[in-house]
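**Q** Top to bottom, those sequences are chains X and V. For the first sequence, our numbering begins at 2 and goes up steadily by one. For the second sequence, our numbering begins at 8 and goes up steadily by one.
Calculated from the structure, these hints are not laboratory results. A couple of the hints might just be wrong.
One-sided and incomplete, this derived list gives chain X residues near chain V with beta-carbon spacing under 10 angstroms [unchecked claim]:
no., residue
1, Leu-32
2, Arg-98
3, Leu-145
4, Thr-192
5, Ser-320
6, Thr-350
7, Ala-353
8, Ser-371
9, Gly-380
10, Ala-382
11, Gln-383
Please read all numbers here as calculations on a predicted model, not as lab measurements. C-beta: ideal position from N, C-alpha, C; glycine also.
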Amino acid sequence: MSDLTKMSAAQLAKAIAGKEASAVEVAQAHLDRIDAVDERVHAFLHVDREGALAAAAKVDRGEVTGPLAGVPVAVKDVIATKGVPTTAASKILEGWRPPYDATLVERLRAAGTVMLGKTNMDEFAMGSSTEYSAYGATNNPWDLGRIPGGSGGGSAAAIAAYEAPLAIGTDTGGSIRQPGAVTGTVGAKPTYGGTSRYGLIAFSSSLDTPGPCARNVEDAALLHAAIAGHDPRDSTSIPQPVPDVVGAARLGATGDLTGVKLGVVKEFAGDGSEPGVLSAFHESLEALVKLGAEIVEVSCPHFQYALPAYYLIAPSEASSNLARFDGVRYGLRVGDDGNRSLEEVMSLTREAGFGPEVKRRIILGAYALSSGYYDAYYGQAQKIRTLITRDFESAFERVDVLVSPTTPFVAFPFGSRTSDPYQMYLADLFTIPTNLYGGPAISVPCGLSEGLPVGFQVMAPTLADDRMYRVAAALESTVGTLTPPAL
Amino acid sequence: MAAISREEVAHLARLSRLAVTEEELDRFAGQLDVILQSVARVGEVAADDIPPTSHSVPLTNVYRDDVPVPCLTQEEALSGAPDAFEGRFRVPRILDEED
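Bound conformation, chain V alone (with noise of 0.2 angstroms):
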């Protein structure tokens, strides 16, 4: 049986901002089967009482000091911006019309 269908996948995608394409879709889905069947090995593996690593370093509550540094200029920050407005990222709408 297949580990993911060709509809997770497409539902997958849309959830992740891809407008792929069908043929992708057809691509993808075989290959993430293949990826998900190897990696699913993991699941042999009995860990009920172990405690997960995120992270390898265990450091906990990091701060600086609390001392203004500089920081980016808002031309700075914008310049690589595919579209600034009056010193502001301008992007498409977000709402529909009749919202």
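Just chain X, same shape as in the assembly (with noise of 0.2 angstroms):
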């Protein structure tokens, strides 16, 4: 493995800016790299070979600049990248080439970053374990019979195992964090609205957030400001300015967390967790208050609805987004023999095209917006999130940030949660709430349970991106980051 494939991003973005490496040269290394791994790895579902050689050959030429000039990056392939293929791992979009780019990615390209591919995930990002791909599971460089997360375990999984230094992910209820906690990586969510959701294939609007994936805090950082930012094609993007994340995450770095105040979930108390994750989880709470923090007990009382509401708001709002998978504008079209109507061929299009979980969260979200149904379900969902939205406002006042593990379990064997369904949301009992709420939420890696890496999530006020990077780098500081197995 090329020496260049283990640096992180910033020291990437140093040695190619001072000439000691040049971008064609990293970006062959991590291509050679996703040649040599990938097989066993299954990160990538698209790999753009002469994309990013083109790409890299212009930061050379000083065609382009930027703060991560020539620094590859992986995107999850739920995001629109012009005439690369984008699939959201879906049948029902099979070799679609998007004739525009996502906001994101205009704005990855102006930083001078340089796009390897597109990433694995679950179908139309719903999952934990990226099974539900319609194109095969990634699977876990720390044990590759096991599961790298999801939605995002190709991106996860693509840095740790040092194919990429940097990937895209996007978190609706966990999507991000819950595959960075199992893969022994960084995965930030970013405050909803300040990432632009403008080409990102749509799953549950009012929750879908873009957000960065690396190894180390510093480098999710130095992405998370790369993308962030006021959008006018996106009228759910925030008009304010990012907050200094990069900043935060050096201040972290140095080590002192004194006078900051971490709020513990008192219903998140060994709530299902698996006690290697409840263990590594109050070791760093020790390591911590060591740096000078003080750990808070605080109330969520209404956290505990948050799973069930979000398995009424996400699949409610899912089966609207996904009406557009029609087989007349982009995609398949199955059984069009000239004879069978326009709503014939849309069934059998839709049968075709959508894996069973797509399936299961069309009809469960048309049932819970139903009439007779939608004050019971919809309606009082929405109100649980008003509920768990003061539970956190209320948090607040009293601590700086919330703390928690990212998720309850280490990366488990494949095939294991698939029976039953609910089994597979339990991945995402800690990270959902976050998302009900809004706020930015960070996994970083903080130790090992029978050998897998453990994920600490950092949840943060909404708009105090900076707050949360802070917490994760001082806790970096301390635990240091993780290496997987040599593959």
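Using the hints, build the complex out of the two chains.
**A** See below:
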């Protein structure tokens, strides 16, 4: 393995800017690494070799500059990339090449990054393991027989396997943070509206949030800064400046948290977490206390209803959003024999194009939105969303951030949670409250349990993304980063 | 008692334009029943006087400046279509012949 693939994004940017390495060399080193390991990891659905080398050559010719000039990045396949296949890991979009770039892809180019390709995921970002990808699961670099988390398992695994130093994910219920936790990498969900959804294939529009994946906190902050900020093409984009996340990460890395109050959510204690996850979490709390932080127990009584509320809200929005896949404007069309009606062709197309989890959620969403059930399900879930937001707000009157394990269990073996969909949903028990509230949260590696990575989650108030980076970087400064066994 | 019947699942699948198989109906009905029994917990919370939250960002009346910007060309817009004809999306018949 080339040393270039072991370097951080910050180191690579510096080396390329200082002409110690060329952007083409760096891109080639990562493409070689992909060739060497991706058959086993399967992090990528599409590798854009030509595009990557052409973009890198532009950096070397001085035509493209920017804070991350020449640094390779992998992009989750739910994000539109002009001319580069974008499938959301669904058969219904097989072969689709978008005619435009997502805003964040434009910003990645403007920052000088070199896109290596598109990463695997659960179909339409619905899942916690990549087992619902229509193109086969991604394997966790820590143990190829285990899941890499989901939905953004491809992005997390690509980073953990040194196939890319940076990747983009999207987080609707934990799809950046939970893969980060189980692959020993860093994943951050920005404040909702802090990163643009323009060009993101919609799953649950009121929750979907693109964000950074990286091997360390500073790199995540650098990528966050590159993609965040107001976008007039997204009506839910927040027209306010982005907090100084990079400065906060560097401040945190000094290892001083004097005066910072960390809230431990009482209701999360022992809630289905594996013992090894809990002990790594508690050891991390002790480490943070040694850095000057103060631990405060807080009560968030409505968090226990977050998972049920989420599984009403997200499928409801999905059932509406996925209506656009009708076999007319893009993607698959099945059964158009000249005799069948539009409605029959649409039904056959959607039946053939969507996988089982997507179908389940469309039906569940249609149910929750049905007249007669709307008030009891969707309407009630929206009220619980208000109560969860109030829980966060009252907690943040007493503490600076909330902390928890990212996910209750380490990477589980393939097939162990697919027969009962609700068992899969439990992976997002600790990540979902933040999505309903809209605030930022980050997962940072905090140790191992039975040889597998455990993630530590830091949740911050809306628009205080800098706070979570400070605490995460402080933890990283004391527990270090994790390195998977050689592939 | 089941929260959702096989017949209800079949009805919702039809509304959702999913030509599900008999085998899928059997499987989904059981799985959706487990999921619905679990999410029905939202009903435990007394929330009559709580306003709903549809969105975490309280933005209203979001407009951009009324300045023309480039958009997709007709060719680009049709580039991913399964079938196109004379610059338009071509679709299967919508009306019966006797209509």
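**Q** Could you tell me which of the hints above the structure violates, numbers in ascending order?
**A** The structure conflicts with hints 1, 3, although it agrees with all the remaining ones.
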